[in-house]
Amino acid sequence: AQTVTQSQPEMSVQEAETVTLSCTYDTSENNYYLFWYKQPPSRQMILVIRQEAYKQQNATENRFSVNFQKAAKSFSLKISDSQLGDTAMYFCAFMKQSSRGPGTYKYIFGTGTRLKVLA
Amino acid sequence: GAVVSQHPSRVICKSGTSVKIECRSLDFQATTMFWYRQFPKQSLMLMATSNEGSKATYEQGVEKDKFLINHASLTLSTLTVASAHPEDSSFYICSAGDSAFFGQGTRLTVV
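Which chain is which? The protein sequence lines are B and G, in order. Residues in the first sequence are numbered from 2 upward in steps of one, following the numbering used here. Residues in the second sequence are numbered from -1 upward in steps of one, following the numbering used here.
If you're looking for bench data, these hints aren't it; they were derived computationally from the structure. Do not rely on the hints blindly, as some may be mistaken.
[Unchecked claim] One side only, chain B facing chain G, incomplete, derived with CB under 10 Å:
(1) Q7
(2) V20
(3) I47
(4) L48
(5) L85
(6) M90
(7) M96
(8) F110
We put the beta carbon where it would ideally sit given N, CA and C, even for glycine.
The task is simple: from the sequences and hints, build the whole structure.
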């Protein structure tokens, strides 16, 4: 069975600094997708970044980038120039096609990392 | 990005009554939607996968007779909490699309 592990329950970073959140996963699949989501106090889940496993190039979205190491099954998120608005819960997630057939898929979420950006 | 709308955002109901939560995909069609439950300071727990035109697929341990799911169209899935009890109080979130676009969530309180 697939699992997603986030080993850092809580982290803090000074405003304008860089922070890296770790995520590891376990799967025997070759084709899958990985995601980072942000959940601020409003509890709205917001997609931060997405990575296709078949792509070697690391995904980047403005201040957010990932370090995807497929062989090591590692998918860390780097936040550069941290801002107060980045304070939130961050979830790593794994998605693969479900055994129920084409067009069906399943997500597995990690336990989350609570990030606090300090002024 | 795609928009998923969930309604209501908050609901308080009396024990024994039923509550319906709607999840709509506003600018795309979703043959599959997901329903999650989230306890305070915890991750999302998948409850069921809602499939348009067919029965929902429930995760192990989720009572299908209590959490009734209907996915009658390509843009709407509903979750009905039947005969709600205080232990059903929680935050429920739906998602749709292959990048898991989420609704705003529903905070259910059963008194």
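Each hint tested on the structure:
Given the 10 Å rule on beta carbons, the hint for B/Q7 holds: about 9 Å separates it from the nearest Cβ of chain G. Of the supplied interface hints, the one on B/V20 is violated, with its beta-carbon coming no nearer than about 20 Å to a beta-carbon of chain G, more than 10 Å. Interface hint at B/I47: satisfied, since its Cβ lies 8 Å from the closest Cβ of chain G, which is below the 10 Å cut-off. Hint on B/L48 holds. Least Cβ distance to chain G is approximately 6 Å, under the 10 Å limit.
For B/L85, the shortest C-beta to C-beta distance to chain G is roughly 21 Å, which exceeds 10 Å, and the interface hint is violated. Given hint, B/M90 at the interface with chain G, holds; its Cβ is 8 Å from that chain's nearest Cβ, closer than 10 Å. With its C-beta approaching chain G no nearer than about 7 Å, B/M96 sits inside the 10 Å limit, and its interface hint holds. With a cut of 10 Å, the hint placing B/F110 at the interface with chain G holds, because the nearest CB-to-CB distance is about 5 Å.
Violated hints for the displayed structure, listed by number in ascending order: 2, 5.
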